[in-house]
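Chains as they are written, first to last, in the numbering used here: chain A, 15 to 341; chain B, 129 to 401.
The hints are simulated quantities; they were obtained by calculation from the structure and are not laboratory data.
Possibly wrong hints are sitting among the right ones.
[What the hints assert, rightly or not] For lysine-lysine, the following DSSO-like pairs were computed, each having C-alpha atoms within a straight-line distance of at most 30 Å:
| no. | chain 1 | residue 1 | chain 2 | residue 2 |
| --- | --- | --- | --- | --- |
| 1 | B | Lys218 | A | Lys210 |
| 2 | A | Lys118 | B | Lys255 |
| 3 | A | Lys118 | B | Lys218 |
| 4 | A | Lys210 | B | Lys255 |
[Stated by the list, open to error] Chain B is faced by these chain A residues, among others (derived, beta-carbon under 7 Å):
| no. | residue |
| --- | --- |
| 5 | Ala224 |
| 6 | Ala321 |
| 7 | Ile323 |
| 8 | Val326 |
[As the list claims (entries may be wrong)] Interface residues of chain B toward chain A, partial, derived using beta-carbon atoms under 10 Å:
| no. | residue |
| --- | --- |
| 9 | Gly157 |
| 10 | Leu160 |
| 11 | Pro163 |
| 12 | Leu188 |
| 13 | Ala215 |
| 14 | Met225 |
| 15 | Ser295 |
Note that CB positions come from ideal geometry on N, CA and C, so glycine has one too.
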Amino acid sequence: MDQLIYATEVLLNGLMTGVMYALVALGFVLIFKASGVFNYAQGVLALFAALTLVGIQQGQIPFAHMINAMFGTHLETFGWTVPSLVAILLTAMVMVVLAFLIEKLVLQHLVGQEPIILFMATIGLAYFLEGLGDVMWGADIKTLDVGLPQGISETIEGVTADWFGYGFFIDRLDLWATAIAAALVAALVAFAQYTKQGRAMRAVADDHQAALSVGISLRFIWVMVWSIAGFVALVAGIMWGTKSGVQFSLSLIALKALPVLMLGGFTSIPGAIVGGLIIGVGEKLFEFLIGPMIGGATENWFAYVLALIFLVFRPQGLFGERIIERV
Amino acid sequence: MLDDANSEKLLEVNNIEVIYNHVILVLKGVSLSVPKGGITALLGGNGAGKTTTLKAISNLLASERGEVTKGSIIYRGERVAGQNPAALVKRGVIQVMEGRHCFEHLTVEENLLTGAYTRSDGAAAVKRDLEMVYDYFPRLRERRKSQAGYTSGGEQQMVAMGRALMSRPETILLDEPSMGLAPQLVEQIFQIVKAVNEGEGVTFLLAEQNTNVALRYAHYGYILENGRVVMDGPAAQLRENPDVKEFYLGMSDEGRKSFRDVRSYRRRKRWLA
Chain A
15 MDQLIYATEV LLNGLMTGVM YALVALGFVL IFKASGVFNY AQGVLALFAA
65 LTLVGIQQGQ IPFAHMINAM FGTHLETFGW TVPSLVAILL TAMVMVVLAF
115 LIEKLVLQHL VGQEPIILFM ATIGLAYFLE GLGDVMWGAD IKTLDVGLPQ
165 GISETIEGVT ADWFGYGFFI DRLDLWATAI AAALVAALVA FAQYTKQGRA
215 MRAVADDHQA ALSVGISLRF IWVMVWSIAG FVALVAGIMW GTKSGVQFSL
265 SLIALKALPV LMLGGFTSIP GAIVGGLIIG VGEKLFEFLI GPMIGGATEN
315 WFAYVLALIF LVFRPQGLFG ERIIERV
Chain B
129 MLDDANSEKL LEVNNIEVIY NHVILVLKGV SLSVPKGGIT ALLGGNGAGK
179 TTTLKAISNL LASERGEVTK GSIIYRGERV AGQNPAALVK RGVIQVMEGR
229 HCFEHLTVEE NLLTGAYTRS DGAAAVKRDL EMVYDYFPRL RERRKSQAGY
279 TSGGEQQMVA MGRALMSRPE TILLDEPSMG LAPQLVEQIF QIVKAVNEGE
329 GVTFLLAEQN TNVALRYAHY GYILENGRVV MDGPAAQLRE NPDVKEFYLG
379 MSDEGRKSFR DVRSYRRRKR WLA
């Protein structure tokens, strides 16, 4: 009985970790769907968003280190702080500008090229953004606090203690992250399915040439999609940044998104969510149940092995678009 | 619909040259003019330059690294070469590409709605035109909820044409509508082209390899070979021209030719060069 209750707690925590994975995976799916580009820079986009958010919030002067080094000044901050909500809005705007620049400077020149070339371009972009983030806001580890509640939820602990005689430990941040991610996903799905621009986005994903022929501007759709992906990266950056600080390793969460994508399918928004949940729950439960028998530390590899199995038996993922082939 | 006496020139292509990738010369000076309200056919074999001509007009060339390097394209008296496709769709020129190019994962109805992307005259007008398209293509009404990728070739051709109609075009550039379709369906598609031409007053410029069908429905025809216009004339005249009969309709004075005599075509084809 005890074992079951522990397992339930692990399961709940797994679900919430899964939501965080899903948030990152979502950014990949959006860009992949609309332009067929596997955006290697998605993780760095989250890092860049989080860095920018902290920078704006604390009134840091962009490029302060560089300016100081060049001119011998001692600039650091503007001396003001910006309220969280305003800072988030400003950061979202920065991400839109970034999307515009990426389209203008990179994608526009690669229209009609092989996917692998676009992929290489995003690798370059990832390194560039990482460096830019460093130079703009400094390389030190920052703490991010936008006022999201943190710490163990006493309510849940109390309620479960009454029911099971054992209080569940659940982080309030995880609860909020879950709620926000769910809302974001619902909004994205509604956007893609029921709006004119969403339909255009899916049309572009299916056939660039045909989309052009009916008068859809690829450039506009790409800027739009990269902006949305930037916004999703911002949300992911806020969640992960609040949880574990804003630092370089934030960009590595993108690696965790890969097995999620393989599971859920590269082209499905619901797939990213379900994939994230399965990986989150799977790795926590596996660690809890099987881990002790084989020496633990299974969380490091579980997701990738699961993805490998999926690649063998269902390469398009759980929800990936079926490859329509007419004979 | 076509009134010969005062047929106003809607679209004029003057001596255009198209180069792909900066090196491959595809069109070597093509000129043609499309009268308002008519069906004009571009005929010719594979690689003659039909598709390239249409893409030069709709400017879908740009995304394939092609460009118009000489000559001019004039629509309603204004130069339009080099404008982006969206601007042309807004002006009323839309292309239906060869090979259908439906949005496979969108439903039939969603496909049609993407055709109205550039319009800004409100949902009610779009809804009305959706009904109009369903009246021309009753088959699409039955299949409105199916994914376009799972519909048949003929249905996909209808989706592509219906999608173009949804932009309320003045001119449709129709590329190879008969491709891969059964003869009966080809006939049906061309009947719809005729109906749209007469009912909505839409001007058609269509590229077609099926010379026989195209010349029966078109008012005027141009024959392209090797990136040049080698012959043009009213469809009825072209149909009776002995050379067209022999090379494109597979007929000669003695009737249908045997395949054994094909070799002599090579030598006798000089007239076109």
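Now the hints, each set against the structure:
no.: 1; hint: Lys218/B <-> Lys210/A; verdict: 17 Å, holds
no.: 2; hint: Lys118/A <-> Lys255/B; verdict: 36 Å, violated
no.: 3; hint: Lys118/A <-> Lys218/B; verdict: 24 Å, holds
no.: 4; hint: Lys210/A <-> Lys255/B; verdict: 14 Å, holds
no.: 5; hint: Ala224; verdict: 4 Å, holds
no.: 6; hint: Ala321; verdict: 24 Å, violated
no.: 7; hint: Ile323; verdict: 26 Å, violated
no.: 8; hint: Val326; verdict: 25 Å, violated
no.: 9; hint: Gly157; verdict: 25 Å, violated
no.: 10; hint: Leu160; verdict: 20 Å, violated
no.: 11; hint: Pro163; verdict: 23 Å, violated
no.: 12; hint: Leu188; verdict: 6 Å, holds
no.: 13; hint: Ala215; verdict: 8 Å, holds
no.: 14; hint: Met225; verdict: 6 Å, holds
no.: 15; hint: Ser295; verdict: 7 Å, holds
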